[in-house]
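Asks: Residue numbers (the numbering used here), protein chains in the order written: chain C, 564 to 1044; chain L, 262 to 472.
Please keep in mind that the hints were generated in silico from the structure rather than gathered at the bench. No residue lacks a Cβ here, since even glycine has one placed at the ideal position from N, Cα and C. A few of these clues could be false.
Not everything, but these chain C residues come out facing chain L in the computed CB check (under 8 Å) [stated by the list, open to error]:
hint, residue
1, LEU671
2, SER712
3, ASP713
4, SER716
5, GLU717
6, ILE775
7, GLN805
8, GLY807
9, SER809
10, MET852
11, ILE853
12, ALA855
Cross-link-like lysine-lysine pairs, in silico, DSS-like; alpha carbons within 25 Å at most [said to hold, decoys possible]:
hint, chain 1, residue 1, chain 2, residue 2
13, L, LYS394, L, LYS335
14, L, LYS451, C, LYS683
15, C, LYS677, C, LYS892
16, C, LYS965, C, LYS975
17, C, LYS1044, C, LYS750
18, C, LYS892, L, LYS315
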Amino acid sequence: MRTDRANTAVQSTLRFKILSEDQIKQIHSSSLEVLASVGVFIDSSEVLEILENAGCSVNGKIAKFPAGLVEWAINRAPSRFFLYDQKGENPLNVGGYNTYFGMGPTLLYMLDHKTGERRKFLKKDTANAARIADALPNIEWVMGLGTISDVNSEHSEIHEFDAMVRNTNKPLVVWSESVRGTKDIIKMARAVAGGKDKLREKPFMVSYSEPISPLVQNKVALEKLLITSDNNIPTIHTPIPQGGASAPATLAGELVSINAENLVGVVVSQLRNPGTPIVIGGVIGTMDMIEAQLAYGAPEMQMMLAAYMDIAHYYEIPTWGTGGCTDSKIVDQQAAMEAAQSVLYSSLSGANLVHDPGYMASGMQGSLEMLVMVNEIARMAKFVTNGINVNKDSMAIDIINKVGPGGEYLTKKHTLKHFRDQLWEPELMDRLPRDKWKESGSKTMGDRIIEKVEHILETHKIEPLPKSAEKVIEEVLSEYK
Amino acid sequence: MSLLEDLKDAVIEMEDEKTPELTQKALDEGNTPEAILKKALVPAMDFVGDQFEKGKRYVPEMVLSAQAMKAAMKLLRPLLAESGIEPKGIVVIGTVEGDLHDIGQNLVAMMLEGAGFEVYNSGTETTADEFVKAIKEHNANIVGLSALITTTMTHMPEVIERIEDAGLRDKVKVIIGGAPVDQDYSDEIKADGYASDAGSAVKLANKLIEG
Ligand code: B1M
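Bound conformation, chain C alone:
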């Protein structure tokens, strides 16, 4: 919904919609029908009890949801939340059409920017990715990127948190494969924020968990959802369907199915703690039917994500988008095309927290270079979504009249006043005249990206953690030997 106030000048920014309002309502009501008629497999007796008490019919582990309950929860869920940096400053306004890019979780491999080879994901990779993101203005929050393999992998998320908070001050999205891990991450986060109340008041952390398509909610994911809801920690609880395999092959059918899955997270979180922030969305994928791979660069995915953002905007619930990723194995033309397309789609459809910049090879491999490239793409997208400011001054009639036919604008104060904020300035895009480009080494985009990666890693400094936070983190780490 638009919340423009009366008597103010409204600036229309560029957005698109994939679905009409009628189509949104059709999908919404179909999801309600699925939830009411076939229901969802809920692998947690605690959650089943909560649902039954709220009016769901429960049979074994299948819960069926009355439409009224689901709509109550949709209305109860906040339309936005404010996600602060670790010092409790510079909040991101997560809601509406605001788009913020960050990384993704738990990749197996890293494309080493020095060797160009794929290798196992290490703790230093999370540290480097966090530091790169910290330096990039358009990567606005941080996730661990990979599963750290050079520590006991069962506790990788604890080391991931450690590596992240030491290398960035930006907001974090965290995950854990266990309830214990989730609790310990909360403990460490409180120490970083300066106490339990501080974290509650100015959260810098969002938790991530996943249902299983089609229509299954597994135990650990639900238990995590309960803990984070109890603690008012904003929670992403979103699926990774593959159209044709774990969701219908029709795009609308997939939307109906994954919307139902998302709405279960909304209902459970709002029943547990009304008003706690919940985030909907997902990796709304398709299976590549030749290779049986989840395609991360597919236009179908971009379309469905954009359509799902329309539905989420209708609900006024913040979203988890997917973009800046690729199925390519190297940072090549395909990687750039897929990342650019998805970043623009995410931005135009107003996805809020967009994950997976840096993701490659069907969610298997990460890359620092991709992060740097996506930063530049996101800068372009942001410029586009900002739209054109139309007012008396910007229409510049006075100056047009003054310059008149055959004049010039380079020497005019009007140009001086506006060119910096009105014109987009490339950082990585090459616009050199050919001779200059040759003299400076005939560098490709890939070369420039690697230079930037290395420059950031060499020069970008992070303030050390407060001693008190460090102590708690050390303590938790020592329990995970």
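The hints should help you fit chain L with the ligand onto chain C, whose structure is shown.
Replies: For chain L with the ligand alone, kept in the frame of chain C given last:
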């Protein structure tokens, strides 16, 4: 066209609602179960497999043909057993403890079925003991372990150990697959082989039973 050819076409055309009926008719006409298998079902799946390899058929077409074949096999299997004809191989497959990723292993199971294996899919989060139990119960000669996460793949050696403890290691070939594992890991844990996708899993299984 003969009934056997109709049956072969029905498998190729993914008509699982037709294949049981055609199989029954073929039996009624006096064809032996073995002849039906060898002259209709196997050539149909060979054709489909070949088309899949060449990229002329896609995954759903492949698995729906396998389903059509499976529907026919339901009728034939008991008859084949009666006449002492063993299935080509008996496979127990599942994802290891803690692993909920089942899309890939289900696909592998379906493709193995399509290739004529008798497959028992024990689903997600199968413990080592459950694998051993299923191997005994179904008299399996192949066990397939699937893991998609680094924290669950470590259950693979455990399963192999338990199979050894049960004295079954000589009887079953162990094949592994899933995103984080590879041939090196297979060698390391002394499995009998690794397959990177469903098609190669079938090839591997065929190779292993031929010895
Ligand atoms: C016996 O012989 C054989 C032979 C061949 C075999 C074989 C057995 N098994 C497989 N093969 C081979 O043949 C198959 C067909 O060609 C192939 O099977 P695949 O399964 O590879 O291929 C399928 C046909 C398509 N591929 C898939 O279905 C998997 C896709 C990805 C994106 C994926 C999905 C969809 C899911 N996930 Co998960 N998931 C990922 C996956 C990334 C990826 N690209 O693998 C991966 C595997 N997941 C991961 C993780 C970490 C997780 N996931 C989780 C959950 C889920 C969903 C529920 C959302 C969903 C699974 C739904 C389901 N029913 O299976 C969580 C764990 C749940 C659990 N306890 O198991 C969670 C912990 C959540 C998280 N990210 O925090 C990562 C593992 C990283 C690591 N370090 O190990 C991951 C690489 C993605 C990522 N980057 O985060 C071959 O591998």
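Asks: A separate judgement is required for each hint: does it hold in the structure or not?
Replies: Hints versus structure:
no.: 1; hint: LEU671; verdict: holds (5 Å)
no.: 2; hint: SER712; verdict: holds (7 Å)
no.: 3; hint: ASP713; verdict: violated (12 Å)
no.: 4; hint: SER716; verdict: holds (5 Å)
no.: 5; hint: GLU717; verdict: holds (5 Å)
no.: 6; hint: ILE775; verdict: holds (6 Å)
no.: 7; hint: GLN805; verdict: holds (7 Å)
no.: 8; hint: GLY807; verdict: holds (7 Å)
no.: 9; hint: SER809; verdict: holds (6 Å)
no.: 10; hint: MET852; verdict: holds (4 Å)
no.: 11; hint: ILE853; verdict: holds (6 Å)
no.: 12; hint: ALA855; verdict: holds (5 Å)
no.: 13; hint: L:LYS394 x L:LYS335; verdict: holds (23 Å)
no.: 14; hint: L:LYS451 x C:LYS683; verdict: holds (22 Å)
no.: 15; hint: C:LYS677 x C:LYS892; verdict: holds (15 Å)
no.: 16; hint: C:LYS965 x C:LYS975; verdict: holds (10 Å)
no.: 17; hint: C:LYS1044 x C:LYS750; verdict: holds (18 Å)
no.: 18; hint: C:LYS892 x L:LYS315; verdict: holds (23 Å)
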